[in-house]
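Got chain P sorted already, so can you dock chains F, V, B, U and H onto it with the hints?
Protein chains: 6
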Amino acid sequence: MLRVDGRENNQLRECTLTLNVNRYAEGSCLVSLGHTRVYCTASVDDRVPPFLFNTQQGWVTAEYGMLPRATSDRNDREGGTRVGGRTHEIQRLIGRSLRTVTDMEALGSRTIRLDCDVLQADGGTRTASIVGAYVALAQACGWLMEKKVLKRWPLLTEAAAISVGIVAGEPVLDLCYTEDSQATVDMNVVMTAKKEYIEVQGTGEGRPFTRDEHDAMLQLAWSGIMTLIEKQKQALAAVGPYKKG
Amino acid sequence: MLRVDGRENNQLRECTLTLNVNRYAEGSCLVSLGHTRVYCTASVDDRVPPFLFNTQQGWVTAEYGMLPRATSDRNDREGGTRVGGRTHEIQRLIGRSLRTVTDMEALGSRTIRLDCDVLQADGGTRTASIVGAYVALAQACGWLMEKKVLKRWPLLTEAAAISVGIVAGEPVLDLCYTEDSQATVDMNVVMTAKKEYIEVQGTGEGRPFTRDEHDAMLQLAWSGIMTLIEKQKQALAAVGPYKKG
Amino acid sequence: MLRVDGRENNQLRECTLTLNVNRYAEGSCLVSLGHTRVYCTASVDDRVPPFLFNTQQGWVTAEYGMLPRATSDRNDREGGTRVGGRTHEIQRLIGRSLRTVTDMEALGSRTIRLDCDVLQADGGTRTASIVGAYVALAQACGWLMEKKVLKRWPLLTEAAAISVGIVAGEPVLDLCYTEDSQATVDMNVVMTAKKEYIEVQGTGEGRPFTRDEHDAMLQLAWSGIMTLIEKQKQALAAVGPYKKG
Amino acid sequence: MLRVDGRENNQLRECTLTLNVNRYAEGSCLVSLGHTRVYCTASVDDRVPPFLFNTQQGWVTAEYGMLPRATSDRNDREGGTRVGGRTHEIQRLIGRSLRTVTDMEALGSRTIRLDCDVLQADGGTRTASIVGAYVALAQACGWLMEKKVLKRWPLLTEAAAISVGIVAGEPVLDLCYTEDSQATVDMNVVMTAKKEYIEVQGTGEGRPFTRDEHDAMLQLAWSGIMTLIEKQKQALAAVGPYKKG
Amino acid sequence: MLRVDGRENNQLRECTLTLNVNRYAEGSCLVSLGHTRVYCTASVDDRVPPFLFNTQQGWVTAEYGMLPRATSDRNDREGGTRVGGRTHEIQRLIGRSLRTVTDMEALGSRTIRLDCDVLQADGGTRTASIVGAYVALAQACGWLMEKKVLKRWPLLTEAAAISVGIVAGEPVLDLCYTEDSQATVDMNVVMTAKKEYIEVQGTGEGRPFTRDEHDAMLQLAWSGIMTLIEKQKQALAAVGPYKKG
Amino acid sequence: MLRVDGRENNQLRECTLTLNVNRYAEGSCLVSLGHTRVYCTASVDDRVPPFLFNTQQGWVTAEYGMLPRATSDRNDREGGTRVGGRTHEIQRLIGRSLRTVTDMEALGSRTIRLDCDVLQADGGTRTASIVGAYVALAQACGWLMEKKVLKRWPLLTEAAAISVGIVAGEPVLDLCYTEDSQATVDMNVVMTAKKEYIEVQGTGEGRPFTRDEHDAMLQLAWSGIMTLIEKQKQALAAVGPYKKG
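Residue numbers (the working numbering), protein chains in the order written: chain P, 10 to 254; chain F, 10 to 254; chain V, 10 to 254; chain B, 10 to 254; chain U, 10 to 254; chain H, 10 to 254.
With the rest of the complex left out, here is chain P (with noise of 0.2 Å):
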């Protein structure tokens, strides 16, 4: 059976990562994955949280947002205190995912904020913000390595993300908008280039899945992740000269 946009069921949608898209963000990153368009920065903050205090260690975070007419139907601007609970949940997974890569006692005492605006949405921006995030946060880590600002890299290992699902009955990688809202089975599948898992995510909200259903995905989201991360490592490399410790 052939998936909406013709694609093999294991197969991603066309994937490129555009850096240094903002000259002020001590990194920066515009994801495109099929129609999906996340705009990423990373800004450096010497300042920590409050529980952070007297401590020797930074802190990642994150936020995401949409603009009004990312989406099929224009939607109300969110923002400051009315932000809803999807955009909570997005922010908090993106944030808690890069957490999970950086060696917060490398990065000492400041905050790398994330934000990922997403400029069109076409199924998988959370995911898509995650693999443009490590971009801007890879960037941003270089530059403060190329001012001597950090004694050693801070990054364990890179990290990438990709949504999986159950549409139709089958196990497919990568759902773009009309597939995610007829998926029974919605995943998302957060890893690092060693193979092990950051996060995941499965949801049964149209049925509940079985072991065999949940071990597929899994599988998908895996061939997924490490194209992604070789996507990352290019494009990192071709922009750069900064030094990993």
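For the record, the hints were derived by calculation from the structure and aren't laboratory data. Being a predicted model, the structure only gives us computed values, none of them experimental. Even for Gly, the Cβ is constructed at its ideal location relative to N, Cα and C. Watch out, some of these pointers could steer you wrong.
[Said to hold, decoys possible] Covered stretches of chain H, as calculated for chain U (at least 3 residues, CB under 8 Å):
1) 96–106
2) 206–216
3) 219–228
Leaving out everything else, chains F, V, B, U and H in the frame of chain P:
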């Protein structure tokens, strides 16, 4: 190695379900799991959200709150528009989980609102909320059946949830707060009585986790959930002569 | 004429005070008055509000909340900045009443926060909150005495409260919800064990009231409050070996 | 013993009522009581709140505000959702008091909104607001009568209010701000021209009060209110040829 | 062609400035311009905003509000975080205009807060606010001079403002509300006594405007503003004896 | 004297307009003016605001936002109810300007919503937003014409905008951020292709300005705007076969 409260790695804390703790609600259950106490009510509302207007389908939704002194240190009240990201995430999880076991056509054009308020917290409040909310929901469905509002029983199967994690390098079942704050990996699992998964949420904030660890945690969760579903059935049977379809 | 629940005009509903319902709070009491249930905790905080900086005086403050299904029809949650006028009025009353019986110099530079959360409402929730909050406050003071934080007992006397009103033309004590909604005059009275008044709030929304009616309501309130203060003393004595100054 | 401004214990401050201070409102009155100035308007609205839909009854409601420099030190503006507890309490008191003297069936299916804005505060702003709001309300009723919208006069009697308290151990009438901040007991009384009580709110924040003190304060309040009602009648008579029913 | 109130195209409405309308404020002025009434106060605050910490410079800021029945139909109160776009725009204009005539080094490290509250609105409230706020500001500066807090007079020159517009095809001065709602072009002009411009805000919402129309409106504004500045000087001189530098 | 980026006083920065940057919007344009980048979309909505119910007229409205790292230092997100005064002022200006060139009867009973989101800011974001929003609006009108929803072309003429100011004593065109922060006078001008003014907003915050300076700034603005209107026409012609009326 002994756990902080002397349990085996695969041992649940003591769990009791007290029904009919609220004289107004169509269903109610006070869950006690170790020192965690969650007061759950189910409220039947004849309206449905706007996206279901002009369908014959129902809806199930949840809200989650914590009394200020549910925790060791007092927290400020949240509510209204000042609901934090964690609360949003939890109430979305509870609602989604219970919708998965509900036949929305059988429920018909009405909403069941589940309120889960934590009187005392000692880890596992979101999974305990799902355990209690299922019971309150089942009572509310029984009430609707007895009043002949529904033609057939709207719950497809039972649902329950538990937390698992990696503490001191070992997979353990049903983490108390002390364990939760030491865990390097934390996972919440929601399952049905048919051994299918509704939700798998595994997070490695301290460090990523391997596939073997993932599988070990799923195994522990399965055994805990099956015990909890048995308790739900007994508790409902004890109070009830409402008739399943 | 019989009251809706068969009581005499001067008869209280059944009242029980259960202490130590929360393992974290420095004081706690579940008040049950007829079908009304209020869960009260006292939390000791080492800070004081800004207007008391650089004095040696303490503070007592209260918050009041209702679980969504505390009432016959479910109410939306309030909290944060969305606290209604009624809630503000009640929590100001509770705090003011208990400050009147507290010796702020004996309490020293700390705040005791009283949280009164209504699990089930059937009239008289604000006065039941005062009854329970006094007990939680007294326990917290006992805890501070035992820890030798305080040099002398900081409570000047006991305090309790009850509602009275004019229902069907007659003055009655301790109105349940059905009576409250039929009352033409409603009065809340807070008194000390020394038979002095802390607060008298009489309101004629249906119609104004005469001086004779006013005096009859005060008389009923006095008898009810003295009974409640006796219950407070017994409940505290039963749990306690904390020593008054 | 002399009061701070030389008055006798039972002496009101100078009070003037200026009508027609707003060209748009259906009724308006600037109350001047000592240095306290409250600008009151009555606005007729053809709608009623939802709980009165499909009845033939009207509604009276009030809002209360303070200009930022109404007080000795400037206060931040409140309004919208940022209305403090004190403001809520006061506007509920004003609305409730004037509803008690309004025949809602005679008023018919409309709302009269009373806005009381304090231009300058020197104690007694809530009771001065009731004095002025009654006058504005009466003018608005007169306007409705003249336009033949109402068939009969909807006010049952006059209403006014005053503050009393215990200052330096003695009961005094009409406290200015300096006295108010020194008072150990504070009481606000609202009465009708028929010498009945609409509201009695006595509070002992500094210390509790005895029954004798309570009775002495009620006596002072009665004499002050009767004087104010006389002034209301004169002020309305001076401007007006609206006809009572 | 006659204007709605019979004025000439270049004729101001009657304008009176009443000083000392508030006993607490360091400066105060009630502006009456036709039926428009704005109550302006100036409050001296010893703090400055964070961006001026560690400089020796002062600040001038403004807030603008409208009482609910200032207008023909009653409006909901705004304030706190619920301040609309129009209000923001106006208070930014007032603050900016008066900062332009203030020597911030002469003012020294303090803030003067100008509150402009509209009691009755009939067009031109923002420009009337500037007229009155200047007077209140000048009084507050005089107060600071008399107290020897300032070494030199901190106001560089007088400032006033007026509205002009194109109504029925003709340029007119000082639009009342009826004219304002019919105007195709609306312009607010703020000038100094030295005939320089502080602010020119011309808007063609109905239609664009030509350069000739633009110039004719500026000419009218100039003549009106010079008259208003004369009135400010007289009013300040009349209450007088604070000494300019 | 040379400008900071070497331009002549009457020279615009490089400007490009990229159309069709969003696949869902009915019109879209990415404006690039020097380093300033604004992402503009036009969304057609079949509803109109309440004050246009039961008329046959349409509406045009705008929202303006900035991504957190659009600026040199990261700013907190705003949105929902937490929109600052500057943002309100700008979005009101954009909406008003484009309404002036729209024939609301030709547009018919629908709203076009213009979203202007700043990806990177270097001065002139509000005027760049008007330039791009006009293009997006024209595309949306073209889309409505092609779908035969409209009978005649609803735009009366083109509109564009630019900033001018006095920097180092000289009038200059199109200020970049560095110039903007040094300017003593700042002016934003919006004009039509017919050389008429839609909006003139001149502000002297640093000092007032003379009539000669005012006239010199208007002259510079006129030349810049005519160039920008030419670019708008070319960009629309390049993508287009939509037919003007």
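Hint-by-hint comparison with the structure:
1. Residues of the stretch 96–106 of chain H lying with their CB closer than 8 Å to a CB of chain U number 5, which satisfies the three-residue condition for coverage.
2. For the stretch 206–216 of chain H, the proposed coverage by chain U is satisfied: 11 residues have a C-beta within less than 8 Å of a C-beta in that chain, meeting the threshold of three.
3. Coverage of the stretch 219–228 of chain H by chain U holds in this model, with 4 residues showing a Cβ closer than 8 Å to a Cβ of that chain against a need of three.
Consistency note: the structure conflicts with none of the earlier hints.
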